[in-house]
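Novice: Produce the complete structure using the sequences and hints provided.
In case it helps, full-length UniProt numbering puts the sequence shown at residues 1 to 90.
Worth flagging that the hints you see were computed from the coordinates, not collected in a lab.
Since we're looking at a predicted model, the values are computed, not measured.
There may be inaccurate statements among the hints.
[Stated by the list, open to error] For each label pair, taking beta carbons as the anchor points, the in silico distance ranges come out as: (1) E89 - M59: 18 to 26 Å; (2) E89 - V19: 16 to 24 Å; (3) D6 - E45: 19 to 27 Å; (4) N32 - K79: 22 to 30 Å; (5) S33 - A54: 29 to 37 Å; (6) R85 - G35: 27 to 35 Å.
A virtual CB, placed ideally from N, CA and C, is assigned to each residue, including glycine.
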Amino acid sequence: MKLVIDESRCKGCNLCVLVCPYGIFREGTELNSRGIVAPVLDRPERCTNCRLQALYGRMLCGVCHMICPDQAISWVEEKPFEPHRVEVEF
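Specialist: Here is the structure:
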């Protein structure tokens, strides 16, 4: 699974930046086509839902998805053998 921010729906409230327990979002710095500064994924490999959802077969966190008032955050299936970085924290 891979986390995606739909910039066409995002209004730049940055609630996801505030509530994410893993700190994978950061405030954006550039205006998008609608003139809104949308948050960006800083370190998405830290998201437990992205890494472990397939293993456990259920939603593990999803706080960012629940808090987003515009439903601009979602998960998409990754392509087979798509390279991605994995971060293990102790």
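Novice: Now look at each hint and say whether the structure bears it out.
Specialist: Against the structure, the hints:
no., hint, in the structure
1, E89 - M59: 18 to 26 Å, "holds (20 Å)"
2, E89 - V19: 16 to 24 Å, "holds (19 Å)"
3, D6 - E45: 19 to 27 Å, "holds (20 Å)"
4, N32 - K79: 22 to 30 Å, "holds (25 Å)"
5, S33 - A54: 29 to 37 Å, "holds (33 Å)"
6, R85 - G35: 27 to 35 Å, "holds (31 Å)"
The structure fails none of the hints (numbered hints given earlier).
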